[in-house]
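Heads up: the protein sequence lines correspond to chains E and D, in order. All residue numbers for the first sequence refer to my numbering, where the first residue is 9 and numbers rise by one. All residue numbers for the second sequence refer to my numbering, where the first residue is 737 and numbers rise by one.
Simulated from the structure, these hints should not be mistaken for laboratory data. Hints may contain errors.
As the list claims (entries may be wrong) - Taking CB as the label site, the calculated pair distances span: (1) D:Ala805 x E:Ala32: 29 to 35 Å; (2) D:Trp804 x E:Ser17: 31 to 37 Å; (3) E:Glu48 x D:Trp804: 34 to 40 Å; (4) E:Phe178 x D:Val865: 44 to 50 Å; (5) D:Thr858 x E:Ser52: 54 to 60 Å; (6) D:Ala1212 x E:Ala134: 33 to 39 Å; (7) D:Thr858 x E:Ala134: 20 to 26 Å; (8) D:Leu1043 x E:Phe178: 37 to 43 Å; (9) D:Ile861 x E:Ala134: 34 to 40 Å; (10) D:Met781 x E:Glu48: 55 to 61 Å.
As the list claims (entries may be wrong) - Sample of chain E residues with no beta-carbon within 10 Å of chain D, all distances over it, derived: (11) Pro34; (12) Ala47; (13) Pro99; (14) Asp104; (15) Ser116; (16) Val125; (17) Thr130; (18) Gln162.
The beta carbon of each residue, even a glycine, is placed where N, CA and C say it ideally should be.
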Amino acid sequence: MHRLPTLLSGIFLVFLTSWLGLVAYPAIQLGRLVPVSDAETGGSLPPLYNGSAVAGQRVYASEGCVYCHTQQVRQTSVTHSDIERGWGLRPSVARDYLRDSTAFLGSSRIGEDLSNVGTRLTNATAYYNELYAPASVSTEATMPSYSDLFKVRQIQGQRSAEALDLPPEFAPKPGYEVVPTTDAKNLVAYLLSLKHDYALPEADSVKNSPAPPSH
Amino acid sequence: MNATIDTTHYSRTSFLDHGDDTRSIDESVRLPVLALFGNAIHWFMVAVLISLVLAIKLIVPGFLNFSWANFLSYGRLVPIARDLFLYGWASQAALGAGIWLAARLAGRPLASTRDRGVHLHTLLISATVLWNLGVVLGSLAIFAGYTTGVEWLEYPGWASATLFLSFLLIGIWAVLLFDRSKNEDLKVPQWYLIAGFCSFPWIYGTANLLLVWKPLSAASQGAVQAWFSGSFLSLWLLPVSLAALYAMIPRALGSPLNRGSLAPLGFWSILLLGGWNGIQRLIGGPVPAWMSSVGVVSSVLFLIPILIICINLLGIDYRKNPRVGRNVSLRFLILGLFSLITLGVIGAVSSLPMISAALHFTGVSEAQTQLWILGAVTFPLFGVLYEALPRLLGRECWSEKLSERHYWLSLVGFWLLIGMLVLEGLFTGLALLDPAVSFLNVSSYAYPFRFMEVVAQLLLLAGAMMLGVNITRALAGDYLFPKR
C-alpha cells in the first residue's frame, strides 16, 4: 500500500485541499475585491494613498515596523477589546488593504495596533518626535529611536521650519537642529493616511452593530 | 498490513542499519551532509546571537541602536534572525539530515558507482554553496532595507529564487533514493521524508510566486502568508523531524513502535491538518469568517496526530535499555517530541476564540513560534547530528562533556524562554482586555519576563557555543588525528 506512486498521489491530493482553501480561494475570491464608491465625496473607498504615502510603505517595510505593530482590528465575534481600546471603529476586512502593496497584518503587538493611527495622531510633528526620540513622549516606551530617519545639522541662518521641537534633554547641541529626511516624511505621510474611519458594505462601523457586552 | 511488517522489521534490526553496506552508504553521502550541516550550524549560532541582542533590545531600546548603524535596529534584526533560523539553519540542516536518513532508510548509496558519486558530490556541494549564497545575500538585503516586507519571506525575489533552485538540485536526490529503496513497501520515516521533500518546492514556490515574485492584491495576501508559515513548519520541517524521531527512537531503544498500526493515521492527519493550521495566525483577522473557524478546528484536531505520535514513540518501554540516559542524540529527539506535545496543547488552547482574544499577538504567540522552530524542529535535528556525525566520519568524534553541556544549556534555556514568553503573554494579554489599562502600562507588565528571556537567550547562546566548539573539535580531528 505504501509504495512510492501511491504515496506521492496521496500526498499530492491531501496537500491540494489546504492549497485550494487557503491559497487558490483567497487569490481568486478576495483578489476580485474592488474599491467601492464613496457617496459623500464622490471618491472611492478605501481612498487612494498620496504619492508620499505610497513611498512611505517601503520605509515601513524596511524599518520592520510590522514586527511590533499589527494592522488589524479583530472581529467582534472574537473580541471587542481592540475596538474598546480605541484602535478602530470597526473590525478590519480584506477590502481595507486594497490600496496597500503589502498587507502589513503583523503577528505581534509589542507596540500598539496601527490600522487607525492616523485618526489618533493627526499631526506630523507628533510622529516625528516619537520616531526621533520615543523616550521624549514616554519614558517607558519600548520603541527604539529611529534617528537614522533624521538629520542633525548645523543651523544655517534661520532655523528650518521643519526642525523638531524637542524637550531640552533630547535636543541637539545649541546651533544645531534635527530635520526629518524624505524617508521620515514619507513614512509619516503613510501613517497619517492609516485611517479606516468609513463604513464598507461588509463592515459597518460599530455604532450600527450590536453593542459590546459590558464588563 | 504493512504496519505489522514494520513492527517485526523493527524488532529484528533497525531500518537504519544494513550490515556491511552501512559503511558504503554513509561514505556516499558524507561530503554533502557534512557541508549542509556545517554551514547550517554557523547560521544557527549567528541566529542565536542575534536573538540575544533582540531580547536585550526589548528591555533596553537604546542597546546597539545608532543613527549611523540603522541595520542593527530591532526591526531589521528580527527578520534576519528568523530567516536565518528558517533557511540558514533549519532548512539546510533538514536537507542534510534528510539525505542521510533517506540513504540509510533506502539501504542504498547515494550513487551507484564511484565516478557518479564524485559528480554528484560536486553538484550537491555547488548547490549547497548556492543555498548559502542565497541566505547571505538575502540577509544583506534586509540589512540594507530591501526586504519584501512579507513575514518569513523577507528575502528579495532573486535571493528566494536562488534558494528555490538550490533546493531542487539537492532535494531531487533524496526523492530519487526512495525510488531505489531496497524495501518496496516504504516505512513510516520514509513517508515523512517524502512528504517533507515534496512539500518544500510547492510551499516555497507558491508563496514566493504569490507574495514576492508577482504579488497578489494585498486583500488576499494575509491568508496566503498564514498558509505559508503554517505549512512551512508542519509540512516541510516537521516531517523531516518526525522522520528522525520514527527512525531513530525505536532503534536507540531496541524496541518496535508501540501500536505501529496507528502510524498511518498520524501521518495522513498531519498532512491534512498541517496545511490548515497556519491560518490560526489570523483568528479574528481580516479574512472570511470560515477561515477563522478552520484555524480553530485544525489547531484542536492537530492534537490527534500528536497523540498518535506519543503513543507510537513514548509508549515504547524505555526501561528496557539502560543506556538511554547517556545517549545525547536520543535525549534531543525526546526533547523535540516534548516540544511538539507542548506546542500542540498551547496551540489548541490558545486558538479557542475566547482565549485567542486575550493571548493572540502576545508572548504566547511568540512562544508557539519558538516551540516550533527551536523545539520541534531544531532539537530532533541536533539528535540526527549527534548520531550521524560519528558514522559519517567513521570514528567517535564528540566530546561527551561538551555534548552534555550543550544538551543541558539548551534544555534549561529553552524551557525558561518558553515559560517566560507564556507568562508574559498571560499577563499582558489579560491586561490588554481591559481598555482602562493604558498600552504603556501593559508593556511594563512584560518587563520582568523580558528580563528573564534575556537570561534564557544567554543560556541558549552558551549551549550553541558548546555545540560550535564540539563540532569544530570533531571535524578538526580529521587533520589532527588522521584515521588509521
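> Which of the numbered hints above does this structure break?
Replying inline: 1, 2, 3, 6, 7, 8, 9, 11, 13, 14 and 15
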